[in-house]
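Q: Chains as they are written, first to last, in my numbering: chain C, 1 to 352; chain W, 353 to 907.
Hints in this document: simulated from the structure, not taken from any laboratory.
Each residue gets a CB set at the ideal place from its N, CA and C atoms; glycine is no exception.
Wrong hints could be hidden among the right ones.
Claimed, not checked - If you anchor each label on the Cβ, the simulated ranges turn out as follows:
| hint | chain 1 | residue 1 | chain 2 | residue 2 | range |
| --- | --- | --- | --- | --- | --- |
| 1 | C | 65 | W | 904 | 42 to 50 Å |
| 2 | C | 347 | W | 384 | 30 to 38 Å |
| 3 | C | 339 | W | 399 | 33 to 41 Å |
| 4 | C | 329 | W | 399 | 42 to 50 Å |
| 5 | W | 399 | C | 202 | 17 to 25 Å |
| 6 | C | 188 | W | 589 | 28 to 36 Å |
As the list claims (entries may be wrong) - Covered stretches of chain C, as calculated for chain W (at least 3 residues, CB under 8 Å):
| hint | stretch |
| --- | --- |
| 7 | 26–37 |
| 8 | 40–47 |
| 9 | 50–57 |
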Amino acid sequence: MVATSSSVGSGAAGAAIFADSESRRYRYFEPRAKRATHYEDVTVDVQPDPERYLIQDWIISFPDGRGAYQKDSTKAQSSNWHAFRAPDQEWERTHYQRQSRIEVMVQAVIANGRKSGAQHAFDAAWGKTLQKHLGAWKHAEFGLGCALMQAQRGGYTQMINNATLTNSSYKLRLSQDITLYLAEIGMDIPGWDDEAGKTAWLEDPMWQGTREAVETIMGCTDYLEQYFAINLVFEPLVGELFRSGFLMQFGAANNDFMTPSVIAAAEGDYERNLANAIDLIWLLANDEKFGAQNRTLFQSWVKKHGALADKAARQLQPIWSKPHSKPISFEEARAVSEERFAKILGEVSLSR
Amino acid sequence: MSTLTLNKITAQKGISVADATRKCADLGWNPSYVQEAMTYPSDYKITKAPRDPMKQVLRSYFSMQEEKDNRVYGALDAALRGDMFRNVEPRWVEWMKLFLAIIPFPEISAARSMAMVSRLAPGEDLRTGFTMQMVDEFRHSTIQMNLKKWYMENYIDPAGFDITEEAFGKCYATTIGRQFGEGFITGDAMTSACMYLTVVAETAFTNTLFVAMPSEAARNGDYALPTVFLSVQSDESRHIGNGHSLMMAALKEPENHLLIERDMKYAFWQNHAIVDAAIGTFIEYGTTDRDKTKESYAEMWHRWVYEDYYRTYMLPMEKYGIKIHHDDVTLAWERITKKNYVHKIGQFFAVGWPVNFWRIEAQTEKDFEWFEHKYPGWYAEFGDFWKWYAKLSKPGQKVITFNEEVGYVYPHRCWSSLVPCVIREDMVVGELNGQLHTFAHEIDRWTAMEAFSDEFQGRPTPAMGRFSGKREWETLYDGVDLADAIVDLNFVRSDGKTLIPQPHLRFDDKDMWTLDHVRGHTLGSPLNALRGMDEATRKAHLADYAKGFTISPCN
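Chain W extracted, bound-state conformation (with noise of 0.2 Å):
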């Protein structure tokens, strides 16, 4: 005789996962009366319908987010009640006052390009999967908010996330990540709200932010950010599985083939560009943590972005007729490892220090060691100056964004990802619309001045978005003192002179620097120098750059 249960006795006949879903997908129809209006256009042509890979309704997705919630917010809770903050390293809490200004614009940004995409392809299979993208992002975008306040309220120095949204429009690191947010939504449909988002950013760099990022929190005595972003990346599959279908969907038409390349090549590079040097930068120098069996950033890479995205995502792409670029993986990869991008974009970040609305501190002996073993040649380049950096910390030295003595050469600015030409041999200029202007890198190059165009290889792309705006940060402070910058910034805290951002993590008001310590410099703009050259100075002066700078030794 088989056991009764509940479940035996109540079931009942429910309607099965496929026909709920094939029901919902049928709610759609084709209008008559009023056509529905291209408000953002794309280049691209859809007609076959993509399908929905999730299977999933709003009737379980719902209580499944709300289950989800509960963990995280009980988690938070507990560590309050655990007392996390205690044990918890400013070092790495400092770096996430950039980082959550940045993320919950482009999550937000990621919920509007819904709209965007939603009126791109035939059929409503996808609106589900839209409608909880869209909702997912709201939840995104919040929930970081949330922990930001969260951290606000509880650890130790909380300037810089007290002006956090005022700062994410100022800063003049923040503008990369703005880059990377108004990417998502400007231009294109299929390029911004699909490729670029979703095909690229979510499918391959989501890894590195929202896994990688975390584990590296949890090191560092942080077990919130994990137990957030790990539940942010839960959502991901379902935005990568709308994003694969879209594209999918848009690879049945030959004519689309061109585009597919072009914005894999685009944002493929871009997201490296972008989410490398922030996230390399987070993980490599907001750690304390040097236990030498772990992996490195550039090794995280090659499991995520080479083995995972690459080899799984990208190549198998070629057997549908598209030309993937082989060669920009392998160079984003050699960039990481054998020319320092992730340290020299560290550096950069250090020696502006002035105008961030967080506090970096020096890299000790111990962190040398660590650098040392996992990207050997470290040492003897970046040794040196972060010594520098130590030495130059205390106030009433000179501020090292300005001190000759250290040999460090503040970069040109990309003008296509808005990340410093760090890479200087990699430098070239370009002229757009009779104005010089430069690139990190030759594809960077060819994405300002090829890809955002009205044309591509022949073929006209009127949707497609245009670089605008007053992109280089340097030019907006342009031959205005330090202090002055900084007051127009805001980056001041409330007693109106000490600055809210520190070389160091020392805790005290006589080790703080004010606005008096740092006036006296003029910044300047690097690009309207370079536009204000004769043409042989400018010459010499990109082979000057190309070679690179010599740190002064430090004793």
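Pulled out of the complex, with its shape left as it was, chain C reads as follows (with noise of 0.2 Å):
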């Protein structure tokens, strides 16, 4: 078979020599290096811009005359919406083996554990612990996973959205990783109670602080409020307080392997995202025209989220007396919190 619709008997690249034959490369954006990312030729300019390419702007408009995606969905201002690559650099195909890797690895800690008759070795506190604070966590994470998949609708442009995105998609995925692991080990552990978790997430003071500045979160209409609230500050001062501070400090001290390792894929998700986070966030912040007016509202969302953050954490406190090892302190674990929580802001001329 030959190319009979080709004057040269070809299809291919090189067949023939003539203008442009060889223009290999996207050339309708200015990559951030010399020569573009496959991030960046998948993602660049998918979603249009009235102020770029699309002459005849949003050809819908909601009743109030708004467009598909505006510049005010956010209160934050930017000379350049386009700039911000992500640097996770993550597109289906490397957002698909990493979740695959994640799902696999848990899938083996549990059937391992549970094979290894791990559950049984728990100290029983932990297992309760488990049952009812991990159980609680879960919806924090779900909670945070459902903001997120609602901010992924707002940005101004494909890179901030797909970040976000991602983001949604890894918090979702801890969210029924924590829910599975949960109602596996609990078959092989007489008395468990699955339905504990969503009862203290709902009911028990410890978790109120929680749930409140989740809901805060959830209920925010600024889609980059959402983002920055979650990567910036509720993240560092209560997921990672919880998720590192607590459950992968304590699981080993009280004979469990399989909860941190469980979790642990949850740290490697947030240093992804915090890295995504901080380079849009930086951005915003040293602006030219917008950076001081970006960096006070980005203050007012610390202060707003920092407190009910702050107050989420003193409320979870009691669960650091629960289990009968205890590795280290609420208060040394709240420390490291803290200083991460200061390098943070640091990284975008914030402060508490």
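Combine both chains into one complex, guided by the hints.
A: Now the structure itself:
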């Protein structure tokens, strides 16, 4: 078979030389470095912009006249919304590869742990702690995932929205990982109550501060505030505090090697999402034209969500006393969390 | 004695799929400290929680998708090793410049629309479904961008692929795709993100998009597109499940019935107008395979849309008290089979070739025979046009768009679907906000003037979207020289003179059109012209338009 419709009998690159026969790079955007990355090629400008190439403007609007994407979906402003590139460079293939690897790892940990009877070796108080408090935490992760699913509609560029989308995907995966992990080990532990976590989430005073902080983020109408509050405030002050500062530190000491492994994936997720968020917020905080006002805005978000996260963290304190073996105190974990929070804020010229 | 296997030795009790699904759905709760804002409102009221028909959790989803990806990327590598591009038909790949410029935006819009539907109904049963769809659509958008990059890197003429997303925002043809994609994310959340996107576009038309089209690609030596798009299509059943479940929840409230009826009518008609225009043209005019035993687009439409969708999806809705507009389905079918809708669109794309960003080759005798066999009477109506097109494909000829000898009359644009009013006798006009507009059909007029309004049949519909922007592309270049318009569009190769679009597949500089070849013709807006006429002249013009035109014999 030959390419019958080709004047040179072939459809292959190099079969003929003519104007632009070697134009083999996308030439409608500026790559961040000298050469566009694969992520940039499959991401940049897919969401159009009337200020770039959308010459007919948005052709359907909401009843108030707003088009599909508007800059004022956030109070933050930018001289160039298109400058942001997600440091994790995630596109579909890398996203599935990473998520799939995590799921394989988590399931292997659970299956092998159960086979070796690891759940029976849990300290009794630790088992109860997981049932109730890890059971409650899964709802926090779920709420943040839902907030991010909402937020991924609002950003002004594809790069912002895709980074938010993958963040949502990671959070929702984690919430299900925890759910299924607890359900599976629960089958092996006599008297396990799989509903205890949700009851604690809804009713236990220890969790009401966290629930209030998460619901406040879910209720925000500013997509960037949601993204900022989750990654720059809630995660260091509450998320990492509970995951790293409690679950991962306490697991081994209470004869549990499974929980730290399941939760470790989330810490890896967060490193990537944090890098994305810091890069975006740094650009906005250092914007030549809007940097000062953005920093004032971000500072107000730090104050609002920081106060809620502080309250949430303080209310979680009694959980550190529940297990028999207590490798670190709440205050120690909180100090690490505070230090981390200060470092994150420092990266983007903000403070407590 | 039974045989021992590794599975039997290592098996342990796990939770059932149903149990896993139920537990994941129970992750949600009703907030009590701060209520979620309805950022994307709807006029629908849904009080019953929709049920999850798929019963899949993310644990199995990600690995399943990774495996699908491995097959896709493996096939792309194999295609290069097998020297696929040596045999691929440029006639086909050129149309992919248009198709793949359009489709990543509707795909990612579908991901964004999950934000809109996820708060519409109580309960979280569908959250996993929405999550999977959100990530699926992210997959589709970036996997399609990757495919396009792959074509750009390996196909004989990369021009057009190299400006793809810029061209998407500018071209007179991609405007149709923008209407499609924006329709998923703007206006009433239920109308756009469920009814238009999922219930109609994905359920009715993705089979023609992602199944019929790949089979034509394979006939033209392109087995990359089928690999990617059949993989994409394998995700669609999840999305169809989401849409159906949410619609069934909406159906339980009688006050939603009028809106469902409105949206089914609008969405079906507009999907027909847009998808059939584009995909019909790709399949019928982008192919070199004229095997008379293969299905025509009309035959495929009958199978996928009429038999599969209309008879098994739309019709059963009647038992829930929803009025189904059977006549619209018949009308769409007749537009394709009796009024040559697809052929007239193919003709329109060809007439406008200088403002495209891909090449269109003339149809030839072999094609004529196939068309006549599948669509009796085709040759009498279109044969001479394509002969003219071939004749005028050489640089130095008067460009067909402005060549009075041919007899083609540039069409008005439909204000609703943005597809031109190519079935001339069906065009209607109407006044919106004190201004005259043209519509391809009475149903398009109804869509713009009655459906997209703040009131529908006496019922307030404050969440419904509005048509906006500079909808008629031609108004942007009204009175502008064709060459200047092409420069402004940036549809010029990097030598600064050779056009990206060409009306042929001759890959040689001496055969390629430059700006000088098209200079001296002034573009016009049919709508501005119509609005500028006095009443009598306008009436005469519309009567004349309805009569159509006759292509002069080409000798």
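Q: Give a verdict on every hint.
A: Hints versus structure:
1. C/65 with W/904: 42 to 50 Å: 47 Å, holds
2. C/347 with W/384: 30 to 38 Å: Once the Cβ atoms are compared, 35 Å apart, the range 30 to 38 Å for residue 384 of chain W and residue 347 of chain C holds.
3. C/339 with W/399: 33 to 41 Å: 48 Å, violated
4. C/329 with W/399: 42 to 50 Å: 48 Å, holds
5. W/399 with C/202: 17 to 25 Å: 22 Å, holds
6. C/188 with W/589: 28 to 36 Å: Between residue 188 of chain C and residue 589 of chain W, where Cβ atoms are some 35 Å apart, the hint holds.
7. 26–37: holds (count 4)
8. 40–47: holds (count 7)
9. 50–57: This one holds; 6 residues, not fewer than the three required, reach chain W with a Cβ under 8 Å.
Hint compliance for this structure: hint 3 alone is broken.
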